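Chains as they are written, first to last, in this note's numbering: chain A, 188 to 664; chain B, 2 to 69.
The hints are simulated quantities; they were obtained by calculation from the structure and are not laboratory data.
Keep in mind the model is a prediction, meaning the values are calculated, not measured.
C-beta atoms are modelled at their ideal positions from N, C-alpha and C, and glycine is treated no differently.
One should not assume that every hint holds.
Said to hold, decoys possible - Chain A regions said to be covered by chain B (calculated; three or more residues, Cβ under 8 Å):
1) 200 to 213
2) 529 to 535
3) 549 to 560
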Amino acid sequence: MTDLGEFDLVGLAAAIRARKISAREATEACLAALEAAQPRLNTVIRFDAEDALAAADAADRALARGQPAGPLHGVPLAHKDMFYRKGKVATCGSQIRRDFVADKTATVLQRLDAAGALQLAALNMAEFAYGPSGHNAHFGHCRNPWAPDHITGGSSSGSGAAVAARLVFGALGSDTGGSIRLPASICGVTGLKTTYGRVSRAGAMPLSFSLDTVGPLAQTVRDCAAIYEAIAGPDPEDPTALDLPVAAAAETIEAGIKGLRVAVPTRYFLDDMSEETSRLFAAAADVFRRIGAEIVEVAPPGCEEMSALATIVLAVEASTIHGKWYRERKEDYSGQVRARIELGFHHPATRYLEALMLRARHLDGFGAAVFAHADAMLAPVLPFAVPTIAETDVGGGPQMGRTMSLLTRCSRPVNYLGLPSLTVPAGFTANGLPFGVQIVGRPFAEETILRIGRAYERETDWHKRRPPAEVGSGAGA
Amino acid sequence: MAGLSADTVQRYAREAQDIEISGERAATIAAAVEPLTGAARREAAKLAFESEPADFLRAQRRWLEAKR
Numbered sequence: 188m189t190d191l192g193e194f195d196l197v198g199l200a201a202a203i204r205a206r207k208i209s210a211r212e213a214t215e216a217c218l219a220a221l222e223a224a225q226p227r228l229n230t231v232i233r234f235d236a237e238d239a240l241a242a243a244d245a246a247d248r249a250l251a252r253g254q255p256a257g258p259l260h261g262v263p264l265a266h267k268d269m270f271y272r273k274g275k276v277a278t279c280g281s282q283i284r285r286d287f288v289a290d291k292t293a294t295v296l297q298r299l300d301a302a303g304a305l306q307l308a309a310l311n312m313a314e315f316a317y318g319p320s321g322h323n324a325h326f327g328h329c330r331n332p333w334a335p336d337h338i339t340g341g342s343s344s345g346s347g348a349a350v351a352a353r354l355v356f357g358a359l360g361s362d363t364g365g366s367i368r369l370p371a372s373i374c375g376v377t378g379l380k381t382t383y384g385r386v387s388r389a390g391a392m393p394l395s396f397s398l399d400t401v402g403p404l405a406q407t408v409r410d411c412a413a414i415y416e417a418i419a420g421p422d423p424e425d426p427t428a429l430d431l432p433v434a435a436a437a438e439t440i441e442a443g444i445k446g447l448r449v450a451v452p453t454r455y456f457l458d459d460m461s462e463e464t465s466r467l468f469a470a471a472a473d474v475f476r477r478i479g480a481e482i483v484e485v486a487p488p489g490c491e492e493m494s495a496l497a498t499i500v501l502a503v504e505a506s507t508i509h510g511k512w513y514r515e516r517k518e519d520y521s522g523q524v525r526a527r528i529e530l531g532f533h534h535p536a537t538r539y540l541e542a543l544m545l546r547a548r549h550l551d552g553f554g555a556a557v558f559a560h561a562d563a564m565l566a567p568v569l570p571f572a573v574p575t576i577a578e579t580d581v582g583g584g585p586q587m588g589r590t591m592s593l594l595t596r597c598s599r600p601v602n603y604l605g606l607p608s609l610t611v612p613a614g615f616t617a618n619g620l621p622f623g624v625q626i627v628g629r630p631f632a633e634e635t636i637l638r639i640g641r642a643y644e645r646e647t648d649w650h651k652r653r654p655p656a657e658v659g660s661g662a663g664a
Numbered sequence: 002m003a004g005l006s007a008d009t010v011q012r013y014a015r016e017a018q019d020i021e022i023s024g025e026r027a028a029t030i031a032a033a034v035e036p037l038t039g040a041a042r043r044e045a046a047k048l049a050f051e052s053e054p055a056d057f058l059r060a061q062r063r064w065l066e067a068k069r
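Here chain B stands alone, though its shape is the one from the complex:
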């Protein structure tokens, strides 16, 4: 979503989220909405086919099992 414009933010807010965003706020949001670097985004995309959010709970469990 890099390069998102304030106009796009305002239109998306209105049409998809049913909220109104001021022009000033839309510019701030457009600048802040993509905090990930390109490398991190590519890494995330690579994992998508083989991952799910519950992997985190499994990873937690592995630490617990190792402790016991």
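This is chain A alone, in the form it adopts within the complex:
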């Protein structure tokens, strides 16, 4: 198997363009790694080996003919199994859609195709993206490459695990309450939750149309920037996608952090941290200070309320979407998802609309308290060490309910505000599992948080740490 260990996504793309390595070699190496890791990690729901190898050969032929290459030409990716590709099954991690064949291709996949990327597989995910832990009763739980008895985080579980184990160079995920940031943090990779309205959701499975966002998970910040640039921007197929062009993140992410202000919250986000995660968070803030950022303390208002409001919006919209199936095929849902859907039927319509009406007020209030003083805010993603699968499953003991609620405590308010947030690896807890921090930005300021994250990444090596070697891997720096 070709050793791709020296490359990140951007480096591999350059090597393929320079014809130092072929798209076929890269694809074969990643497919072999995905297949070898499948019994242990269960990252894949569907392999697309034949199509991927044919596309890789076409990519190599195009280069040989001197045809122009896109920025992701020949780069092997795989995506959460909720982005539709015409003629392919998109299970959405569910029993109900186990045989659903898409009749259109998601805009984000069309854009990655146009950039030259290859799709090797559809990845495991929480059932209908409605769960933060990575449990899946229908296709089996996805496993954390750092410790397979621990959760991957969800709902983009396969995306986090596959990138962490260096099985592929990047993956798309979705984030409605933390579903990119949690698996990125818990699996030790980089993940970008985009601003609500920045990336088209056409052809992506809906969970909550007021909160859903799409974004990449990859090894490095510059990898995420490359995928983000390929997928972001206006789309006539999605009227919620902002009709304004996207700033070129790849041009600015190397600009460094000097002159930028990074806020550290004095409340809410740090309230439930353990001693060891507090220490890791403080160490990350020290890195930002050392490399030239001005650190300012802020007290973001209304976060408890925003967390509750986000819960109402998500619950009502998800239960509305799933109402027909719930009534007709209740037993085809797992117990976890069935319970979440049942709750959403019972919020009064007036409460739901109040939650949507209050959103602007909270965005203005949060902005005045945080972004009037800083270019971004640093916060943990998960306030405690990564729990085991058993601890977060039905019957997981007296702490299970609280643990599940705390999983999304730091991510939910960010979805309610529709803000962009970049998760970067920031160390390990005593149980050997990764710890990540999120860099939350102003609306549509993805290029700023990518720049801040890139400056941090250049000063640390957490993103270069690899899970135990027995997983088998073909990709990655």
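Given the coordinates of chain A, work out where chain B should sit on it, guided by the hints.
Below, chain B alone, put in the same frame as chain A:
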């Protein structure tokens, strides 16, 4: 909806939503269905006459305009 009983949850589920909820689940739902505090609910009610959900998109746009 504070003080909602499990019986009410079950009846509403059956009659208005056409679904069946077990007694145990109904009790859990009754306890979880009103996550907002009284102050937040009063604030939300005050805004109702002068707000709409699209205000959020306008607020987003204002941040974008400020950036440019």
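Discussion item. Output the indices of the hints that this structure fails to meet, ascending.
Written reply: 1
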